[in-house]
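Colleague: Sequence:
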Amino acid sequence: MTRPAAPRRTPARRRWLRPALVAAFVLVPLVEIWAILQVGQLVGPWWTIALLVLDSFIGAWLIRREGGRAWRALHEALQGGRMPAREIADGALILVGGTLMLSPGFVLDVVGIVLILPLTRPVARRLLTSVVERRLVVPGSGFGGFPAGFPRDAHRPGPGPEGPVVRGDVID
Numbered sequence: 615m616t617r618p619a620a621p622r623r624t625p626a627r628r629r630w631l632r633p634a635l636v637a638a639f640v641l642v643p644l645v646e647i648w649a650i651l652q653v654g655q656l657v658g659p660w661w662t663i664a665l666l667v668l669d670s671f672i673g674a675w676l677i678r679r680e681g682g683r684a685w686r687a688l689h690e691a692l693q694g695g696r697m698p699a700r701e702i703a704d705g706a707l708i709l710v711g712g713t714l715m716l717s718p719g720f721v722l723d724v725v726g727i728v729l730i731l732p733l734t735r736p737v738a739r740r741l742l743t744s745v746v747e748r749r750l751v752v753p754g755s756g757f758g759g760f761p762a763g764f765p766r767d768a769h770r771p772g773p774g775p776e777g778p779v780v781r782g783d784v785i786d
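The sequence shown begins at 615 in the numbering used here and counts up one residue at a time.
Everything labelled a hint here was simulated from the structure, so no lab data went into it. Ideal Cβ positions, reconstructed from N, Cα and C, are used throughout, including at glycine. Honestly, I wouldn't trust all of these hints.
Restraint-style ranges between C-beta atoms, simulated for each label pair [what the hints assert, rightly or not]:
#	residue 1	residue 2	range
1	V737	L692	21 to 31 Å
2	A691	L666	14 to 24 Å
3	D783	A699	20 to 30 Å
4	A634	A699	23 to 33 Å
5	L668	P732	31 to 41 Å
Based on the provided sequences and hints, a complete structural model is requested.
Modeller: So this is what it looks like as structure tokens:
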């Protein structure tokens with residue numbers, strides 16, 4: 615006879631995730647419906663439908679334009695031999711913003727436009743960078759994410775053309 619598996623414990627820092635997702639999946643559609651109804655009362659139902667369709671076409675055009683620019687910038691960064699962190703972040707933001715733009719509604723379209731437009735994307739990029747840095751670097755782990763007690767200056771060369779260089783051997 616086998617014993618049932620013990621229930622998985624969620625870490626304390628992720629306990630807020632499930633209620634936040636439930637709230638988002640309930641509240642966001644309600645806010646979108648409210649916004650569509652408000653616009654419908656203001657301009658009429660046919661103009662509201664026309665605005666939603668036009669909004670999707672503008673979103674598709676923006677995704678194509680800005681996605682192409684992000685792809686070219688990524689290609690240039692890789693050809694130039696530098697780390698394409700900014701270009702990858704831009705591509706991710708355009709992908710998420712484009713997905714929001716293609717969904718029907720006005721509220722998520724505004725968020726999508728903020729993520730796609732080159733004037734407002736740097737703000738979203740900084741927010742994304744700070745979130746990723748918090749997830750990747752463990753606080754109190756020592757120098758630059760290395761474990762505590764790691765010899766900080768052990769054979770550490772000076773900065774290279776794109777930052778510090780760590781020399782090593784590649785073993786096949």
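Colleague: A separate judgement is required for each hint: does it hold in the structure or not?
Modeller: Verification of the supplied hints:
Checked against the hint of 21 to 31 Å, the pair V737 and L692 passes, with Cβ atoms roughly 25 Å apart. The hinted range of 14 to 24 Å is not satisfied by A691 and L666, whose Cβ atoms lie roughly 36 Å apart. D783 and A699 have their C-beta atoms about 26 Å apart, which keeps the hinted 20 to 30 Å range intact. Between A634 and A699 the C-beta distance comes to about 27 Å, which sits within the given range of 23 to 33 Å.
A hinted range of 31 to 41 Å is violated for the C-beta pair L668 and P732, which are about 21 Å apart.
Hint violations for this structure: numbers 2, 5, all remaining hints satisfied.
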